[in-house]
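J.: Chains as they are written, first to last, in this note's numbering: chain A, 1 to 137; chain B, 1 to 89.
In case anyone wonders, no lab produced these hints; they're calculated from the structure.
Treat the hints with care, since some could be wrong.
[Claimed, not checked] Simulated DEER-style distance windows between Cβ atoms: (1) B:E70 x A:Q12: 26 to 34 Å; (2) B:P57 x A:R51: 38 to 46 Å; (3) B:V87 x A:D13: 20 to 28 Å; (4) A:E95 x B:A34: 15 to 23 Å; (5) A:S2 x B:K66: 22 to 30 Å; (6) B:K54 x A:E95: 28 to 36 Å; (7) A:T47 x B:S32: 15 to 23 Å; (8) A:G34 x B:I60: 44 to 52 Å; (9) A:G34 x B:I55: 34 to 42 Å; (10) A:E76 x B:R59: 36 to 44 Å; (11) B:S32 x A:Q17: 26 to 34 Å; (12) A:A70 x B:H33: 36 to 44 Å.
Note that this is a predicted model, so its numbers are computed, not measured.
For every residue, glycine included, the Cβ atom is placed at its ideal position computed from N, Cα and C.
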Amino acid sequence: MSLYEYTYIARQDIQPQQVDAITAEFAKIIDDNGGKVAKTESWGLRTLAYRIKKYKKGHYVHLNLDAPHAAIAELERNARLHEDVIRYMTIRVEEFEEGDSVVLRSNSRDSRPPRDNNRFGNDDRPKFGKKPEGDKS
Amino acid sequence: MSTDRPSSGGAGGGQQRRPFFRRRKTCPFSGSHAQTIDYKDVRMLSRYVSERGKIVPSRITAVSAKKQRELSKAIKRARNLALISYVNP
Chain A
1 MSLYEYTYIA RQDIQPQQVD AITAEFAKII DDNGGKVAKT ESWGLRTLAY RIKKYKKGHY
61 VHLNLDAPHA AIAELERNAR LHEDVIRYMT IRVEEFEEGD SVVLRSNSRD SRPPRDNNRF
121 GNDDRPKFGK KPEGDKS
Chain B
1 MSTDRPSSGG AGGGQQRRPF FRRRKTCPFS GSHAQTIDYK DVRMLSRYVS ERGKIVPSRI
61 TAVSAKKQRE LSKAIKRARN LALISYVNP
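Excised from the complex, chain A in its bound form:
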């Protein structure tokens, strides 16, 4: 069957046990419709890049599914109806990546490089910056 990466975000003010309950519920839907959950990953409570339905944070859960279309359609229908799930996304993939996804791997490395964020930040703003020192020779 075809492979899917399914990610959903649950709203922030529910308990982690409830998030696991939702994941179990979704897994049951997939199993009932002839698919199987290859891997389940919880990225925990993360800050959203922008507010979704007035929530600033969300519980992220990432699933690797090996399922027919019917199971995925049923899963998405339930996610749409579920009021705790504020966003979900299903991506068809060719093959699963083995091991943890980047999200879990990246916060296992604690040393974060300093954000050098003026690389090309100034190309879409009019140049007000000071003249580079080299000109005062």
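Could you slot chain B onto chain A? The hints should help.
T.: Same frame as chain A, now just chain B:
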């Protein structure tokens, strides 16, 4: 007193410092052991997003056209999952 050294890669010298050095021509995604484009890899994606949150054109980041298409699709997916913001104030 800035001596006029030959500007290697535009590092020194008096002329306007180009935001990007001319010598970086290789596409970081093609080639044998290049990194894969993944919509979950926020750190890698944010290198190709400007400070305002816009996707940087491939003429600046020297990414090949095919990989730039994949990259922009991954960035849009990451934006949808609120891993990356659409605009930064």
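J.: Broken hints, numbered, in rising order?
T.: 2, 7 and 11
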